[in-house]
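Q: Residue numbers (my numbering), protein chains in the order written: chain A, 1192 to 1485; chain B, 118 to 548.
Using 30 Å as the maximum straight-line C-alpha spacing, the simulated DSBU-like pairs for lysine-lysine come out as follows:
#1 A:K1454 to B:K174
#2 B:K242 to A:K1478
#3 B:K242 to A:K1421
#4 A:K1454 to B:K242
#5 A:K1484 to B:K187
#6 A:K1454 to B:K248
#7 B:K243 to A:K1484
#8 A:K1468 to B:K242
Calculated directly from the structure, the hints in this document are not laboratory data.
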Amino acid sequence: MMPFIFRYPISSFMALLIHVVLGALLVMIPQNKVEVMKVSLVSTEDSVEEKTQSENKTPHMKTFAVDSKQIQLQLEKIKQQEQKKLNQHRQLAKQTQAEKKRLVEIKKKQKIEQNKLAAEKRNTLNLKKIAEKAKKDTKLAEKQRLVAKKKAEEAEKKTKKLALEIKKRDLKNKQLATETLLQQEMAEEAAQERKLSKAKDMQNLKEVYISNIASTVRSNWRTVGRVSHKAECTISITQTPRGNVSSVKVHSCNRYSTNLFKKDAEKAVYRSQPLPKPPVDELFERKIDFIFKP
Amino acid sequence: MKKNVFVIALFLMFWQQLSLADLTIEISSSSDNALPLAIIPFDYAVGTKQPKTDVAKVIAADLFSSGKFKVLPNVRLPSLPSSLGDVDFTEWRDLDVDNMLLGEISMSKKGLYNIKLTFIDLLRKKEVISKRWENIYENNLRQVAHKMSDQIYQEITGVRGSFNTKIAYVTVKKVSGKKKYSLDIADSDGFNSQPLLRSNKPIMSPSWSPDGKNMAYVSFERGRSEIIVQSLNGKMRKVVASYEGINGSPSWSPDSKKISVTLSKSGSADVYILTLATKKLRRLTYNFAIETESVWAPDGNSLFFNSDRRGKPQIFQVQLGTGAIKRITFEGAYNSNPAISPDGNFLAMVNSSGHFNIGLLDLETSEFNIITNTYLDESPSFSPNGEMILYAMNDKGKAKLAIVAIGNSMTKILSTESGEVRAPSWGPFID
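Working from the sequences, and respecting the hints, build out all of it.
A: Laid out in structure tokens, this is it:
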């Protein structure tokens, strides 16, 4: 038993719960029924009591001596008394009739009442039956409900699980999407960076290229004249892809730059032929500008 | 005095015939920082008489002696182009040759020489100098060569060359036990020497007038020191200072109108200025120490001189306007024989901290350098372009001259076969 409970704690609990609920229902349903009947009974007794009171109000008879006149009077009186008696009789008869009627009525009433009672009894029985049926139904319903509940629960569970799964999936998808997006972004960023870095690399390479040319020119710088170490000019070279110089312009010179300096700078360029090739072919520039300082 | 001049002039004419004693030249060191140059053997037109002077050789020697050029030996010439159009630039580039000199020599109708010289920039692939001389006497071919050297020097260095200039110096020879003195003038490379004065008595301190017309010097021909000014054309010679005591160290003012001299007529040797036209004397220094060896600053506003007023000789500067005197040299214990560069920026002198060498002081930055490594150097004299210094030195007990290129220490030594050479002075540009 216990291992069963432990094994199926929820089911066991549900079973226990069902029993408790059923028990509670069994106690509650009959009580309700009794109360209903009592009320009905009380009302019947009340009406009976009232009738009993009206029976107790019936009047009592009296006897008297009479002369001629008096007799007459008496006769009359007697006549009247007779009449009265008769009337009384009539009335009595009437009353008896009424009583009979009343009794019949009562009987009738009683019968109705009995019928009523029987009906009620039947009714009760019916009710009982109904109750039982209801109970049964309830039980069934409960069972069904439980089943339904279970089903619902299961369904819910399933739904929840599904929802959870969906949620999970969504989340996963979302995560995936986010990840993908992130990856994409990263990729794009990387690409951009690569592009930038390539551009930067290219820029660096270009700088290296130009500084190579500049340093080659510097290494070919020769002068036997007096040139200020402060002399500085911009050299603009036009070259062929083979690094042969097609033209040299020495310009934008500072005030320390003499004509000799400019001439010797130009010669240094020609002496540097062929100019260094770029590290990458695409970096080749037909026109190269750099600042020259010996 | 007029008689004296006449006698000496005759004497000169007589000796000139005997004077074939050109100075011998030797190069004592070379420069690494020199520009490679190709001189293609000159093209002599058919029927041209081979002159004694090899113009190409003269130019090569001039340029080489400046320390700024190295001439490719003929055996290494890959080809002999005759014009710019013939030049294969790549073969010269491979040899690292930047410049090329081409020459054509032919005879003129007068039987004289026509010379065409072309200087080619092999880097920029163009003729940068193209010159023609016509109807040149054979004797003047050296001068043509020096002129071309000057042109090339200017093209390459930006500074006018001073190859086509003259130098003056005193030679001393022993003839049958007696010393013979001669004041000679020669080309800057020591060739074409001519005596200006011969004497049995010492000749000292020749100094060129800046206009190139006259020479001032000290002569002991009359038994005592006198300062004589002599025209180079031999038409004028006169004693300008013959005071009691020392008459020495003449130096011309930039306008060639005055000379500064050292006189000891008032006791100690002091510097005076003599105005040649008026013979007026102005005393510049009043010190009991020896004040001598004065030279004019190129602006004419001050003079540099040597004074031992501090115990040992040092160079001082005196302002002509105020008479203010300032000490200039502080390097070493001994500084004498000042010479000022034509631009006034450098002072050369004999400096000694044990050895006597030529020192060069940058008057703007006070940077000081010893620029010679010869022995007992004295009497420095700037070339007119300021690029070289001519000075006297002693080689194994024999006095010789040397020319050092400032900045690269290229040194050329000039000497005579027999005898000694001293007291040089570099003449001005010849226009």
